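Novice: Residue 1 is where the sequence shown starts when you use our numbering, and the numbers rise one by one after that.
It should be emphasised that the hints constitute simulated quantities derived from the structure, not laboratory data. None of the values given here were measured: they were computed from a predicted structure. Beta carbons are placed, not taken as given, at the ideal position from N, Cα and C, and that holds for glycine. There could be a bad hint or two in this list.
Cβ pair distances, simulated, as ranges [unchecked claim]:
1. Ala155 to Ala568: 27 to 37 Å
2. Gly511 to Thr206: 49 to 59 Å
3. Asp152 to Asp314: 42 to 52 Å
4. Asp314 to Asp89: 45 to 55 Å
5. Gly627 to Tyr371: 38 to 48 Å
6. Gly238 to Gln582: 27 to 37 Å
7. His51 to Asn552: 32 to 42 Å
8. Gln327 to Ala166: 12 to 22 Å
9. Lys247 to Asp404: 47 to 57 Å
10. Lys518 to Asp404: 42 to 52 Å
11. Arg549 to Thr312: 55 to 65 Å
Under the rule of at most 30 Å between Cα atoms (straight-line distance), these lysine-lysine pairs were calculated in the DSBU-like manner [what the hints assert, rightly or not]:
12. Lys405 to Lys96
13. Lys83 to Lys518
14. Lys281 to Lys332
15. Lys170 to Lys281
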Amino acid sequence: MNINLPSRNLLAATISASVLLAACGSDGQPTAKAPASVTNEVKSQPSPQQHKAVVYQVFTRLYGNTQTANVPWGTIDQNGIGKFSDFTDTALQDIKSLGVSHIWYTGVPHHAVINDYTEYGISNDDPDVVKGRAGSPYAVKDYYNVNPDLADNPANRLAEFESLIARTHKHGMRVLIDIVPNHVARNYQSLSAPEGISDFGANDDTSVVYAKNNNFYYVIGEDFKVPNATNGYQPLGGESNPLSDGKFAESPAKWTGNGSRLAQPDANDWYETVKINYGVKPDGSYDFPTLPADFANKDVQTHYEFWQQQATTDIPDSWKKFQQITQYWLAKGVDGFRYDMAEMVPVEFWSYLNSHIKHTNPQAFLLAEVYNPALFRDYIHLGKMDYLYDKVDLYDTLKDIIRDKQSTAEIAKVQQQVSDIESHMLHFLENHDEQRINTADFAGSAEAGLPAMVVSTLISRAPTLIYFGQDVGEPAVENAGFGQATRTSIFDYIGVPAHQRWMNGGKFDGGQSTPAEKQLRHYYQQLLNLSHTEPALLGNYTELDTVQRENNVAGYDDKVFAFSRYNAQQRMLVVSNFDKTQAKRFELLIPKALLEAWQYDSKQHQFLNDKLSQTQVVYSIETQDDGSARLSISLAPLQSMVLVN
């Protein structure tokens with residue numbers, strides 16, 4: 001179903017020019033149950049950054065690809081590939097136009113690949129322990145160089161990435177790359193490590209399961225065996241390859257990345273990777289210094305000083321290796337890191353690593369993938385992460401609302417659960433792990449995700465992440481090979497059709513895009529740009545959903561959500577209709593406590609602008625005995641308003 005986005009004329013017509021009174025009177029409205037104070041107001045600790053960041057995640061090998069064949073298990077020649085050089089000044093300016101402050105270049109560190117690069121001194125990788133033809137970006141083979149697939153000249157690949165860093169900085173954006181501390185590729189071999197830095201596992205004692213300074217865990221007395229295939233799976237889709245023989249030499253076998261201790265892991269295990277040892281013994285006990293109990297309240301410099309005071313012999317070798325890796329990339333101009341599966345690594349290591357990073361670059365942007373809410377505060381306060389994924393709370397809730405499985409009332413509840421850390425909880429509706437919005441399994445159309453995007457983007461002071469192609473409604477319907485439809489494959493060479501139409505052969509002007517794709521793109525531009533330019537969004541949050549339900553506001557139902565953002569400079573109301581087919585009309589109750597928190601002055605605040613449609617309407621507030629007010633709202637299906645005075 002293709003639902004048109006709200007037009008300026010519609011928005012101008014659907015919000016009344018006056019605010020109705022909340023108390024019973026000539027308008028017939030009931031007296032509001034207004035709280036004595038704004039108990040649902042959030043005033044948490046300062047944001048890690050002094051602006052609301054917008055992160056653009058791009059899968060680097062796919063972004064600039066113009067080929068459209070999309071053959072399952074297709075080669076580079078068949079399906080094409082994007083390069084570092086495809087991020088031209090035009091491309092970067094186009095990304096910047098979305099309000100982007102940081103680009104997360106996904107898949108940059110050299111991971112296991114199938115292509116033959118032996119002429120550059122790179123060993124071939126075995127298809128039996130590589131997922132897909134292009135390989136997983138989370139099976140890193142060499143942390144001191146970049147994926148040769150991405151270079152015009154593989155011999156010059158590192159310099160080409162350094163040039164991309166410089167171009168990105170020239171356009172006023174910062175660079176993020178992945179660090180995957182929990183595991184590395186089974187065939188880890190660095191060709192580019194600086195002098196004096198040894199490979200992971202090079203100095204391990206392989207006669208024991210565990211030793212503190214071993215980088216890996218070992219299955220003593222057993223050799224690694226390739227998992228038994230399931231569901232007819234064949235490496236490379238069955239194509240012949242000299243190394244594809246169902247074997248991979250590894251003796252003794254190492255523990256697999258997801259923690260499997262079997263010499264022959266399951267086909268669903270992360271068998272292409274091996275787990276890193278951080279000084280956690282097989283019984284779960286720790287073999288490293290632990291942080292003092294009060295260090296959750298200490299700043300990052302204090303954490304750094306703590307680790308400086310520890311004996312070198314007390315720090316496991318794997319900690320030192322990742323500290324060296326991150327310092328290497330900081331020296332190259334990288335501005336921060338996205339950490340894969342951070343919760344699988346002890347929080348003390350993060351204190352050690354992140355305090356070293358912040359000592360080098362206090363403005364470094366540190367984002368971690370953590371899914372267990374019980375661990376959020378430890379990884380923020382003890383681990384010194386700037387940001388965590390808000391996946392299992394807000395993302396999952398919004399997805400369920402879109403799919404008619406939950407009420408919008410749940411939004412206020414999950415946001416309250418993170419009220420003390422809201423500025424650290426990065427929001428997204430798409431990334432490389434999740435289904436595209438424009439799929440039947442998610443929203444059914446790109447437009448059906450827009451109310452959730454508005455709420456996700458504006459509800460807190462935390463950054464917003466957008467995945468490339470999301471802004472033009474990419475549906476990810478291709479059968480890529482190893483990767484499955486509904487998610488743009490990270491394992492295969494593939495084109496991204498909606499993005500390719502916007503790219504238009506490198507012009508990045510939407511010259512091949514449909515009208516709906518162009519309209520969607522414009523909506524994202526409006527929303528993301530206002531998200532980091534409106535002062536209220538660095539201020540306080542008050543949800544207005546509960547008071548509407550408690551007062552039985554007619555027309556306000558389980559498909560509507562409203563909240564306020566404000567500070568001394570600006571007052572904002574955000575109202576969204578998640579309903580795909582039904583318009584909503586209601587009198588939004590603004591409680592007395594919120595008006596007082598706004599320091600509302602009807603003589604000064606006479607204009608209300610909808611920032612999404614750039615319309616302006618006059619309104620006035622006249623309070624009754626209880627001091628509250630009502631605003632007449634009319635929303636089309638899937639419409640949101642961002643009302644600012």
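Novice: Is the straight-line distance between the alpha-carbon of Lys405 and that of Lys96 30 Å or less?
Specialist: Roughly 36 Å separates the two Cα atoms, so the pair is violated.
Novice: Does the Cβ distance between Arg549 and Thr312 fall inside 55 to 65 Å?
Specialist: 59 Å Cβ-Cβ, so the 55 to 65 Å window holds.
Novice: State, for the Cβ atoms of Gly511 and Thr206, whether the hinted interval 49 to 59 Å holds or is violated.
Specialist: Cβ of Gly511 to Cβ of Thr206: about 57 Å, so the range 49 to 59 Å holds.
Novice: Do the alpha carbons of Lys281 and Lys332 lie within 30 Å of each other, as the hint requires?
Specialist: 35 Å, violated
Novice: If I claimed the Cβ atoms of Gln327 and Ala166 lie 12 to 22 Å apart, would that claim hold in this structure?
Specialist: Holds - the Cβ-Cβ distance for Gln327 and Ala166, about 19 Å, lies within 12 to 22 Å.
Novice: For the pair supplied as a hint, Lys83 and Lys518, confirm whether the alpha-carbon distance does not exceed 30 Å.
Specialist: Holds: Lys83 and Lys518 sit about 25 Å apart, inside 30 Å.
Novice: Range first: 47 to 57 Å. Now tell me if the beta carbons of Lys247 and Asp404 are that far apart.
Specialist: 49 Å, holds
Novice: Would you mind confirming whether the straight-line C-alpha gap from Lys170 to Lys281 stays at or under 30 Å?
Specialist: 46 Å, violated
Novice: Between the beta carbons of His51 and Asn552, is the distance compatible with 32 to 42 Å?
Specialist: 40 Å, holds
Novice: Is the distance from the Cβ of Gly627 to the Cβ of Tyr371 consistent with 38 to 48 Å?
Specialist: Given about 43 Å between the Cβ atoms, the range holds.
Novice: Should the hint that Ala155 and Ala568 are 27 to 37 Å apart at their CB atoms be regarded as holding?
Specialist: At roughly 56 Å between Cβ atoms, Ala568 and Ala155 fall outside 27 to 37 Å, so the hint is violated.
Novice: Taking 45 to 55 Å as the hint, is the beta-carbon distance of Asp314 and Asp89 inside that range?
Specialist: 48 Å, holds
Hint violations for this structure: numbers 1, 6, 10, 12, 14 and 15, all remaining hints satisfied.
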